[in-house]
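The whole structure should be built from the sequences, with the hints applied where relevant.
In order, the protein sequences belong to chains A and B.
Counting from 1, position 209 in the first sequence corresponds to residue 231 in my numbering; the numbering is continuous, with no gaps.
Counting from 1, position 82 in the second sequence corresponds to residue 110 in my numbering; the numbering is continuous, with no gaps.
No lab work stands behind these hints, which were simulated from the structure alone.
Some clues are possibly wrong.
[As the list claims (entries may be wrong)] Taking lysine to aspartate or glutamate pairs in the EDC-like style, the calculated list, with each CA pair at most 20 Å apart, reads: (1) Lys-206/B x Glu-100/A; (2) Lys-308/B x Asp-331/B; (3) Lys-206/B x Glu-225/A; (4) Lys-31/A x Glu-410/B; (5) Lys-206/B x Asp-41/A; (6) Lys-58/B x Glu-92/B; (7) Lys-206/B x Glu-50/A; (8) Lys-403/B x Glu-225/A; (9) Lys-239/B x Asp-309/B; (10) Lys-118/A x Glu-100/A.
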Amino acid sequence: MPADPFQIKDCALIVRISDMLPAINLREFRQQLTQCPIDCIYHHFFECVLRPTFDDPEFHNDFARWAKRALHDSVLAERLEIINPYELSDLEELRKTVVEIVDDRLSEIHNIPWALDDNAFIFHSATTVVFNTSHVISSPEELGRAVREMSAGSVYYHFWEARRRTEQRTDDFTVWLNGWDDRAADTIWALSQIDFYFMSLGELQRRLVDIFDRTFKTRGTS
Amino acid sequence: MRSLAEYQPIVGTAVLQQLEQLAGNLAGIKVVHVNSTRSGGGVAEILHWMIPFMRELGIDAGWEVIEGNEPFFNVTKMFHNGLQGERVTLLGQHIEAYESTSRQNTERLRPILESADIVVIHDPQPAMLLKLCPRRKGKWIWRCHIDASRPDRAIWKYLRPLLECYDASIFSMAQFSKSLPHPQFLVAPSIDPLSDKNIDLEKGEVDTVCKKFNLDTERPILTQVSRFDRFKDPLGVIEGYRLIRKFAPVQLVLAGGGADDDPEGKQVLDDVRQAVNGDKDIHVLLLPSDAHRTINALQRCSDIVVQKSTREGFGLTVAEGLWKSKPVIGGDVGGIRLQVINYHTGFLVNSPEGMAHRVRYLLNHKEMMNIMGTKGREFVRENFLLTRHLREYLTLMVGLRRGFASRLIAAA
Numbered sequence: 023m024p025a026d027p028f029q030i031k032d033c034a035l036i037v038r039i040s041d042m043l044p045a046i047n048l049r050e051f052r053q054q055l056t057q058c059p060i061d062c063i064y065h066h067f068f069e070c071v072l073r074p075t076f077d078d079p080e081f082h083n084d085f086a087r088w089a090k091r092a093l094h095d096s097v098l099a100e101r102l103e104i105i106n107p108y109e110l111s112d113l114e115e116l117r118k119t120v121v122e123i124v125d126d127r128l129s130e131i132h133n134i135p136w137a138l139d140d141n142a143f144i145f146h147s148a149t150t151v152v153f154n155t156s157h158v159i160s161s162p163e164e165l166g167r168a169v170r171e172m173s174a175g176s177v178y179y180h181f182w183e184a185r186r187r188t189e190q191r192t193d194d195f196t197v198w199l200n201g202w203d204d205r206a207a208d209t210i211w212a213l214s215q216i217d218f219y220f221m222s223l224g225e226l227q228r229r230l231v232d233i234f235d236r237t238f239k240t241r242g243t244s
Numbered sequence: 029m030r031s032l033a034e035y036q037p038i039v040g041t042a043v044l045q046q047l048e049q050l051a052g053n054l055a056g057i058k059v060v061h062v063n064s065t066r067s068g069g070g071v072a073e074i075l076h077w078m079i080p081f082m083r084e085l086g087i088d089a090g091w092e093v094i095e096g097n098e099p100f101f102n103v104t105k106m107f108h109n110g111l112q113g114e115r116v117t118l119l120g121q122h123i124e125a126y127e128s129t130s131r132q133n134t135e136r137l138r139p140i141l142e143s144a145d146i147v148v149i150h151d152p153q154p155a156m157l158l159k160l161c162p163r164r165k166g167k168w169i170w171r172c173h174i175d176a177s178r179p180d181r182a183i184w185k186y187l188r189p190l191l192e193c194y195d196a197s198i199f200s201m202a203q204f205s206k207s208l209p210h211p212q213f214l215v216a217p218s219i220d221p222l223s224d225k226n227i228d229l230e231k232g233e234v235d236t237v238c239k240k241f242n243l244d245t246e247r248p249i250l251t252q253v254s255r256f257d258r259f260k261d262p263l264g265v266i267e268g269y270r271l272i273r274k275f276a277p278v279q280l281v282l283a284g285g286g287a288d289d290d291p292e293g294k295q296v297l298d299d300v301r302q303a304v305n306g307d308k309d310i311h312v313l314l315l316p317s318d319a320h321r322t323i324n325a326l327q328r329c330s331d332i333v334v335q336k337s338t339r340e341g342f343g344l345t346v347a348e349g350l351w352k353s354k355p356v357i358g359g360d361v362g363g364i365r366l367q368v369i370n371y372h373t374g375f376l377v378n379s380p381e382g383m384a385h386r387v388r389y390l391l392n393h394k395e396m397m398n399i400m401g402t403k404g405r406e407f408v409r410e411n412f413l414l415t416r417h418l419r420e421y422l423t424l425m426v427g428l429r430r431g432f433a434s435r436l437i438a439a440a
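Below is the structure:
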């Protein structure tokens, strides 16, 4: 049994506008992409999931969203949207991939797509503020109920943000469950199968609850 | 005086714990907010709740208001309009009026400002104070509440050197930010759900207000609450109302007060009264700055809340309307875009015709109005209540003192 119980944390972002000039067309965007701080790349691919929205996001990163809604370039938007940043080794690799896609697109088109002035791309970064909550989980069987009651910030922190923070580059639940005996093996495997990057936090939360409820119940949780 | 604990039933315990964790890093520090009016307008409203809550959290928070004569406020109104894109002519006499009054205010406030750990200057009116306090010891933040996305060039050329020396600035939207040599942050404003302006009211109180202003509750009511300011487009709202009247017997309420720092209000009010032209179903209500419960009741008795601004920093009245479960028809500008999400919380419009079209749609889809009302209230609960706003200010203050990294642990 692990020595430490699972401490549930919560988080929120304080968003900062980068020093980069806003990009008004695709060529400027390409230029700024190569120069922006790496935290901007992280923000526009990962932290944007925390932004309040009513829609099931059609696009999962801000670059694809801008290509579609501001530049009206559907081809570019689709190519940017399909990038799964977790298949890439690090954020610099991600930056290179995006630049490559933009370069390909620039070589294909004759007219550089422009955005209206108030739709220029403004590069952001953010600081994640981490909060303690009073909730602690002592056994894996408590995970389903605990995750059901989590805030979106907690889901983000323990599943998304953990991949930037943990040594194993995985979610906090997996790290914690690895410390238990093999009764958590099915759960760990199920967690590894979640295609979470293309889910909203609400969808991810429901999937996690389902996995925790199902795997621990089927194994007899006494 | 309310305590933060009273907000627990609305926002939950976790949110209050977050504030305590952040404030643990700021215990005893001296924070001073400076603006240009103690009543009227959104900034004063925000400071009325923010100062006591910062104090409750152990921060030595204070609020100072700059004083000035008519020429000074005429110039600061020019700054305000110019930052929002109106063409203005800035003459030497304007600069002299601004700078001499700024110097007088500095002499009065110098000991407080120079000894503070953090000074938050709201909007351009007090912006010069930093330059006049060379022995300041703390960090200074410029908080821009207005839509400065396309400022008049002469105004920006004058203001920019005054703003460059700040340690950080805060904008409501990224599009409002400017090229400045210090960190710039995004913080959306918020409303206080327990204030007189937003607290739940008994039906009897709402009915009394309707009766007082001869509003017929059997017919649809549209309400725009805002200062009488050209950027709020009250004349455009009247134009929209006239188009709506061709198909529905609606009533229009234009309710607002003046702000101490707004010398143009009377002229705009005169223009509005002229446009009303004796129409008994347009109710132009000039209310005192403390008529919060009246405004609350007017928003609650409305079928649809309107905020058809042509420029808007944020538009607290939009959040107020949403909190009261009303669909909002808002101008497709500035911070209104953060709050009005088409088909979810209301509609964004660009013209009186657009306003009329969307009102017609909603009046014919009452079920949609109910759905939007429910969604709008939850949207405000999650994103635009004062606890979130306070949390972001505290985070920023902790960050300014500790330095900003990609991760900040809140617990001290």
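Hints violated by the structure (numbers, ascending): As far as the earlier hints go, 1 and 3 are violated by this structure, in ascending order.
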